[in-house]
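Participant: Each chain, letter by letter, is given below.
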Amino acid sequence: MWIYQKKLEFPVRISNPDLTVAKALMAQYGGPDSELSAGMRYLTQRFTAPDDRIRATLNDIGTEEIAHWEMIGTMILQSMENAPLQELERAGLIGHYAMHGRAVYPSDPNGVPFTASYIQSTGDPIADIAEDMAAEQKARATYEHVMDLTDNEQYLAPLRFLREREIVHFQRFSECWNILKEIYPEPARGRGR
Amino acid sequence: MDRCELMNRISEVEFVCVELNLYLDTHPGDTAARNDYYSYSTLLRELITQYEAEYGPLMGFGNSPTNVGCWVCSDWPWEKN
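As they're listed, the protein sequences go chains A and B. If you read the first sequence in the numbering used here, its first letter stands for residue 102, the second for the next number, and so on. If you read the second sequence in the numbering used here, its first letter stands for residue 35, the second for the next number, and so on.
Read the hints as simulated data drawn from the structure, not as lab findings. Given the structure is predicted, the values throughout are model-derived calculations rather than measurements. Check before you lean on any hint, since a few could be wrong.
Claimed, not checked - Below, computed lysine to any residue pairings styled on SDA-like, alpha-carbon distance capped at 20 Å: (1) K108(A) x M93(B); (2) K282(A) x T60(B); (3) K114(B) x Y89(B); (4) K114(B) x K282(A); (5) K108(A) x W112(B); (6) K108(A) x L40(B).
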C-alpha cells in the first residue's frame, strides 16, 4: 500500500504564471514520457521483474514518479487557476478550457489524453529496463525543451530538480541493465518456455 | 526554526533518504551507504515528529500519531498559502 505525505517532494509556488510554460508542462503531466507514464510503467513492470534489486528499483522510482506527477499538477494548477480567459486564449488553452475549465487533466500540450499504450510491460526484463532507460532520457529532453521557454525562476527551480531526477533514475536503471546482463549472459530466446 | 524552515529541513533530509534509498536498491551491500541511510532516516523521523507535534499530521492512515491540528484542515500541498 501507499501512505500519502501532505507535502511536495520539492516546493512549488507559482505567483507569476506563464501559461505557455504551463501548457508545455502538460507533456509531463499526461504525455507519452510524462511522470504519470513513468510511474505507471515502473509500478506495473515490477510485478514480473526477476531480481530483488530490480524489483526495489522499479517500486521506489515508480513511487517517486508519482510525487513528481503531483509537482507538475501543482505547477499547472497554480499557473491556470486565476488566469483570465484572454490569457488562456493567447496561450492556446481554449481547447483545454472548453473541456476542462481551469482543471488539471492528464493530456499532452495538444490535448491528446493519456493512454496506457504509452507504456509497456512485456514480461521480458531486458525489454522493460531498456524502455525505462529510454523513458528517462526522453523525459530529460522534454524538461530541457520546457526550460528553454522561460527565465522564470518559479518554474526553473522545480524543473531543474525534476530534470536531475531523470538523470539519477537513468543511472539506477543502467545499473539494473548491468544486473540483467549478469543474470542472463545468453540471448533471451526461449527463456519463456 | 519556524514552520517553513522546519518543512524545508524535512524536505532536505527526506531527499537525502530518497537518494540513498534508490542507490541502496542497486547496491544493497554498501555498508557506508546503509549507515548513512540509517542516520538520515533517524534524523528524518525526529524532524517529522517535531513538526507533527507543533503543526499536525503530515501522513494519513495512522502514520502520524499526534493530537495537534487535523488532517483535513491543514493546507494541501498544491494550495498557495
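Participant: Confirm or reject each hint.
Facilitator: Hint check:
Annotation: proposed proximity of K108(A) to M93(B) holds, straight-line Cα distance about 9 Å (limit 20 Å). For the hint linking K282(A) to T60(B), the alpha-carbon distance of about 14 Å falls within 20 Å, and the restraint holds. For the proposed pair K114(B) and Y89(B), the alpha carbon gap of about 17 Å is at most 20 Å, so the pair holds. Taking the CA atoms of K114(B) and K282(A), the gap is near 47 Å; set against the 20 Å cutoff, the hint is violated.
With a C-alpha separation of about 9 Å, the suggested pair K108(A) and W112(B) falls inside the 20 Å cut-off, and the hint holds. With a C-alpha separation of about 12 Å, the suggested pairing of K108(A) with L40(B) holds against the 20 Å cut-off.
In this structure, the one hint that does not hold is number 4.
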